[in-house]
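Given these sequences and hints, build the entire structure.
There are 2 protein chains.
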Amino acid sequence: MAKSISSLELPLRARPAETTLTDWLYAELRAAILDGRLKRGVRLPSTRDFSLQHGVSRGIAMLVIEQLRDEGYLMSRTGAGTWVNEKLPDDLSLSEQVCAPAGQGKAKALLPTARERLRPFQASDPEVNLFPIDVWSRLTSRQWRHATKSLLGSGDIAGYAPLRNAIAEYLGTSRGVQCSPSQIVVMTGTQQSLDLTARLLIRPGDAAWMEDPGYSGATRALRNAGAKIIPVPVDAEGMNVAKGRQLAPQAKMAYVTPAHQFPLGSTMTLERRIALLRWASSAGSIIVEDDYDSEFRFTGVPIPALQGLDEAESVIFIGSFNKVLFPSLRLGYMVVPDRLMDRVLRLRFETDLWPTSINQAVLADFIVEGHLGRYIRRMREIYAERLIALQYSAAKHLGDALRLSGIQAGLTTAAFYRAPIDSIAFERMAASHGIDASGLDRYSLRKQKKIPGVLLGFAAFEPRAIDRGMQKLAAMLEEY
Amino acid sequence: MAKSISSLELPLRARPAETTLTDWLYAELRAAILDGRLKRGVRLPSTRDFSLQHGVSRGIAMLVIEQLRDEGYLMSRTGAGTWVNEKLPDDLSLSEQVCAPAGQGKAKALLPTARERLRPFQASDPEVNLFPIDVWSRLTSRQWRHATKSLLGSGDIAGYAPLRNAIAEYLGTSRGVQCSPSQIVVMTGTQQSLDLTARLLIRPGDAAWMEDPGYSGATRALRNAGAKIIPVPVDAEGMNVAKGRQLAPQAKMAYVTPAHQFPLGSTMTLERRIALLRWASSAGSIIVEDDYDSEFRFTGVPIPALQGLDEAESVIFIGSFNKVLFPSLRLGYMVVPDRLMDRVLRLRFETDLWPTSINQAVLADFIVEGHLGRYIRRMREIYAERLIALQYSAAKHLGDALRLSGIQAGLTTAAFYRAPIDSIAFERMAASHGIDASGLDRYSLRKQKKIPGVLLGFAAFEPRAIDRGMQKLAAMLEEY
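Line by line, the protein sequences are chains B and W.
Residue numbering for the first sequence follows the working numbering, beginning at 1 and increasing consecutively.
Residue numbering for the second sequence follows the working numbering, beginning at 1 and increasing consecutively.
Hints in this document: simulated from the structure, not taken from any laboratory.
Any given hint could turn out to be false.
Because identical chains share one entry, a pair is satisfied inside a single copy or across any pair of copies.
[To be verified] Using 30 Å as the maximum straight-line C-alpha spacing, the simulated DSS-like pairs for lysine-lysine come out as follows:
| id | residue 1 | residue 2 |
| --- | --- | --- |
| 1 | K228 | K252 |
| 2 | K252 | K449 |
| 3 | K149 | K39 |
| 4 | K472 | K149 |
| 5 | K396 | K450 |
| 6 | K243 | K396 |
| 7 | K228 | K450 |
| 8 | K228 | K243 |
| 9 | K396 | K472 |
| 10 | K447 | K243 |
| 11 | K450 | K472 |
| 12 | K472 | K228 |
| 13 | K243 | K472 |
Laid out in structure tokens, this is it:
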């Protein structure tokens, strides 16, 4: 039977003044186990003895012991007490030297921290609670079961071939994108695609058309590449191409979100699309089409991609699964004209190689086996309901004070207010009331042109949370 | 019984003038199998028939057939001959659709390179057949079982907190790196870290010290950032710091591989390390320490990181798990001085956000539960054996004609030959004999300075394959 020791015999060092009881007890016990002051197999005193003799609450003692047990330092069985694990995981003994007794902050950081809950109307996240984790997990296990050397070894710079096939088929069917798998490059997401595209197309000082207002991620990518950004105004028909031609006819590229303009929500008309393609073809320029949330369109016909109209190999099409499935997936793609493919792959190779093969393989299965289609259809219904809830709650609590954009698509919507304040001040005020509402001026390039509106995300919130959020906004505007 | 065809019936296209016999025969046979000109189950002619009717040597015919058999296109049994595999691997049939008949070069590139068996002495891949897939898969399932909203949702730009803790502890213990988890940024691998670092530190025209010869991935990252690359010679003591000071005292950064210089293998001496740190501190420059395969040191004491000696916050330390575990994992890290952290995170946010959370969580468990330590110890033994096999086979088959570097570390070694040819010619000749041997001149920045050596990878090859490879090299040099 293991030898028991009393709490008094526990070789713990005194608690430094600035350290919390929990941190101190955790770090001390762990260090004592690691450097052998607490021998393997030795039984610990009861939490009651702990709490009496070291002046910590039983709750703290239990918490710390539970943590150390989860980490493999301790073992316990109901009725038999808790003892130091006979077989410590190797790396725990390795970590011995790192665990300086003073490094309290370090030990504390070792405890995983829980993330904060999203606040309405945080705009960037989709709903993730309904994602079929079971399906994904099953597909993952299956891939690992059959994992060959090739799945572990070096991947293809352009991406895992079966995934590229699946994406090409999916885009052809659902987005009207014309491409062969050989034009697909798998990326980690939209930001990486924007960054690579800007670096590929822009030499410092080159002009680039940018939607105004427009997506700040694209603006940042262009700035980092040294582009001279040409703000081209956006209206209800999308980017004003004639204005762009007038401002910078020889721009090297144009960034657009034709399906659902970010942040205003308008859809680019066919006339504008054709005008844009004509310009690109005649100027030898490239259109970067960011198709960021077009999977979710709640009324009317889905708008086929601009890329599908292109006959001059002048469109790079960018999409991502990170909003459609879940943000931490980190898989997106570009559809690249043949003539640019070699240069794209070279830069890809020089900047990041390929995304994790196993995740690409699982995503390929998820698409090919129909889960993607099913999940999108399901989420489309749910997001449509939530948009209706947003409109209903806005009308109920705010009436004329807030007008939502009429566009029935996406995960976010623009909302315009009457109050005579600028949108950044509105955003700040909302934040102090527990509400996320991005001021549209954040996305504005010509700073003198103020837009009295904010961006509201509705996808990640249930109708009840949406209604409470709108109540708070109403209260805030009344105060004002 | 399978139908046999004679060599004359073989539907091979004529050989283009600029293609070697080996490349032509390999590409033709493979294409014929993939597009069905050579039906499954059909028996191939003997190598003797091949050599007579197509004017290739029997050696070449055998080499090509062996290669295609290793890749799963062909089957053979002693006495029964060779025939086209009845069941081609999945990915091969999948890639069929991609295989445009015209785009030979491209179609070839589309076939996932990982599927092809590595040729000795391919330098970049580790052994992956011994990776404990079962453990990794179990940890993955467990993470998915407990996956919370936070694991699916937006991640931390710096990386998943428990992984950062695990990395900080691991580096402290095993590499003598002094850091807190708050200095760790999780990346997809070394190339992404090099790219980000170069973009962060270099404005077009800024000087950067680069080891000469040195790692081409770093050279590419510096070139892409517009750096004026200053080649600083490397000798048995590592980078010649005095020479660097003389050439460009005000360089913005210096790239070094102090633990195991790439490609020569030398370890930077303490004197040089101190001189480099002094220079960086006085010039206000940053040292980028690429610690690429230092986990594997087979004799003597492991060399602690240069970063551990730094007292002026002037070192960015770069490492990766892609070689230590498996290449398609795509997880690495940077250790960043506090004063640079904000800028690093901003650029990270603007270029790629964070790596897949689930993979980060699984890796954290893999480290904390001791699997990483165990796996490294196991592979260290295996790689040490393989290096010995390489040395033994080289001595046996090549004697004085090839001298291996004496350094007992890493996954690759430099080898110097006596033959009076330049290293790129050596590389090409070896390739035509089925051997990968990167010419050291590839890594040379001052092109006039020729190095009669090649880089030989030994990690991914069993002693038998190593011996066969050395035999081929010996045969090649005899011919020569």
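Structure-inconsistent hints, enumerated in ascending order: 6, 12 and 13
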